[in-house]
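As you go down the protein sequences, you meet chains A and B in turn. For the first sequence, the numbering used here gives the first residue as 1, with consecutive numbering after it. For the second sequence, the numbering used here gives the first residue as 249, with consecutive numbering after it.
These are calculated hints, taken from the structure and not from any lab test. Check each hint, because a few of them may be wrong.
Said to hold, decoys possible - Okay, derived cross-link-like pairs now, DSS-like style, lysine-lysine, Cα gap no bigger than 30 Å in a straight line: (1) B:K354 to B:K343; (2) B:K265 to B:K491; (3) B:K265 to B:K481; (4) B:K343 to B:K383; (5) B:K481 to A:K40; (6) B:K431 to B:K354; (7) B:K383 to A:K40; (8) B:K432 to B:K325; (9) B:K343 to A:K40.
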Amino acid sequence: MHFIREVGRTTRVMIASIIAFPTVLRSRDSRADFAVQLYKTGIGTLPVVTVVSLFTGMILALQVGLELRRFNQEIYLGAAVMITLIREMAPFSCGMCLAACVGSAIAAELGTMKVNDEIDALEIMSISPIRFLAVPRILALVVMAPLVAFFCCVIGTLGGGIVGATQLGVNFDQYMSSAMSMAEMKDLFVGLLKALVFGLIIGTVSVAQGMGTRLGATGVGRATQRSVVVSFLMILMLGYMITRVFYR
Amino acid sequence: MSLISFENVVKEFDGRKVLDGLTFGVEKGEVFAIVGPSGTGKSVTLKHIVRLLTPDSGHVRVDGVDVAECSSRQLRKIRRRVGYLFQGGALLAWKTVEENVALPLKECDCLPDAQVAKRVAAALAAVELTDAAEKFPSEISGGMQKRAGLARAIVRESDVVLYDEPTSGLDPVTSVTINRLIKKLNQKLGITSVVVTHDLQGALMFADRILLLKDGKAVECSTPAEFAASDNKDVKDFLAAMKGEM
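Model the full structure from these sequences, guided by the hints.
Shown next, in the form of structure tokens:
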């Protein structure tokens with residue numbers, strides 16, 4: 001019963017936020033708030049995303065490269081790394097980083113606001129918390145997640161190239177030419193679509209958990225934890241479903 | 249007809265009756281204090297007036313409109329008339345005092361910048377907080393945060409202000425300042441005030457009438473002089489307990 005209530009609440013937050021997306025451009029203040037959220041979501045997560053995606057690409061290149069070497073097929077290392085990154089690993093790593101860095105912060109911030117009566121204060125002033133708090137945060141994730149995923153892909157591919165050149169004897173130019181020749185536009189679009197969906201899910205789950213916080217500081221901790229766990233699970237499940245739809 | 253009226257209001261949380269048939273009325277222009285021990289439903293009572301909570305049974309009316317039953321448009325109208333000062337001030341941490349006070353004018357009333365600036369300056373002057381306009385909530389004291397919250401509550405020229413424990417956690421000097429401010433706003437602007445408080449001394453000083461709540465019921469509702477001289481056992485016990493505390 002509790003699970004159904006939570007799903008219902010999260011869905012309501014998502015629908016109300018999507019309907020209110022255009023209001024983010026309504027006034028100078030709301031545009032400024034949105035710009036701050038874009039910065040926090042995009043630029044703020046770059047250090048973590050860079051490290052995660054670099055090592056993801058390096059691990060991928062090492063594991064795949066060692067297997068390819070057994071068959072003297074190292075020339076395909078670039079293609080293997082690029083396709084894996086662009087289709088799955090880049091949106092996945094991006095989703096994980098955003099859920100951990102941004103989603104958790106949103107849940108904690110809104111949870112604290114809830115227990116400090118700030119959200120009730122907005123309601124009494126007839127300011128919609130969805131429009132004022134949820135929309136800039138969710139929309140920033142929707143806009144930035146595909147860009148961050150693309151960045152992940154670039155950095156991961158570079159990481160794979162470094163491993164290929166230094167440990168597997170694959171020339172960097174050869175690696176890049178293999179990478180660019182095999183990847184298709186469809187792969188890029190599906191990867192970016194996944195990231196966009198992940199951004200929407202992370203934002204919605206985090207906002208819903210934050211705004212539903214009860215029982216003081218303990219509740220804030222619980223909401224933060226739940227936002228990360230639920231986002232991770234949703235990223236995995238939706239990632240599979242989108243792959244299933246586009247790659248039968 | 250009372251401006252705000254509670255008629256036989258019952259509210260339960262997890263099977264525990266917090267309000268149990270609560271009935272009282274607040275007249276226009278008066279300062280109405282609600283006192284009582286912790287957990288007797290004082291803040292819950294206040295939240296019913298602006299539909300942050302709805303009664304399980306009974307009616308809460310503001311100017312004759314049933315708050316629980318009214319449309320969202322009517323609710324907006326009621327909330328437009330009511331300012332609410334929360335215990336901690338409930339200021340947004342990432343906005344300055346000035347921006348916090350300007351929030352309802354900009355986000356809800358969509359007033360031009362010049363008018364917003366004028367109204368904000370007047371509200372901050374009314375609570376004697378002009379010097380802290382540029383500061384963030386974390387940079388000012390608890391008492392100043394409450395005054396900033398009060399400025400936000402009156403900036404829309406509300407005719408009713410609800411105070412939830414306005415002096416809790418404050419030193420005696422700041423408490424007196426806040427209590428004087430409540431009285432001053434009532435006298436100067438004619439604001440109807442409903443004040444939930446533990447500060448009985450303050451209530452005796454600024455209130456026109458005092459309501460004592462016990463176990464979610466109204467035990468006594470009278471003027472400060474009548475309250476202090478009441479024969480009611482619960483009032484006597486409460487007064488004795490408060491004297492003991494002081």
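* To do: Mind checking the alpha carbons of K383 (chain B) and K40 (chain A) for me, to see if they're no more than 30 Å apart?
  => holds (23 Å)
* Quick one, are K431 (chain B) and K354 (chain B) close enough, alpha carbons at most 30 Å? -> holds (28 Å)
* Given the hinted pair K354 (chain B) and K343 (chain B), is their alpha-carbon gap at most 30 Å? -> holds (13 Å)
* Asked: Do the alpha carbons of K343 (chain B) and K40 (chain A) lie within 30 Å of each other, as the hint requires?
  -> holds (17 Å)
* Given pair status - K481 (chain B), K265 (chain B), alpha carbons within 30 Å -> Distance ~22 Å between K265 (chain B) and K481 (chain B) Cα, so the pair holds.
* Asked: Given the hint that K481 (chain B) pairs with K40 (chain A), does the C-alpha gap stay at or below 30 Å?
  -> Status violated; Cα separation ~59 Å.
* **K343 (chain B) paired with K383 (chain B) [C-alpha distance capped at 30 Å]** => Distance of about 9 Å is within 30 Å: holds.
* Decide if the proposed pair is consistent with the structure: K432 (chain B) and K325 (chain B), CA atoms, cutoff 30 Å inclusive. => holds (25 Å)
* Asked: Is the Cα-Cα distance between K265 (chain B) and K491 (chain B) 30 Å or less?
  -> Holds. K265 (chain B) to K491 (chain B) sits at ~28 Å (cutoff 30 Å).
Against the hints set out earlier in the document, a violation occurs for number 5 only.
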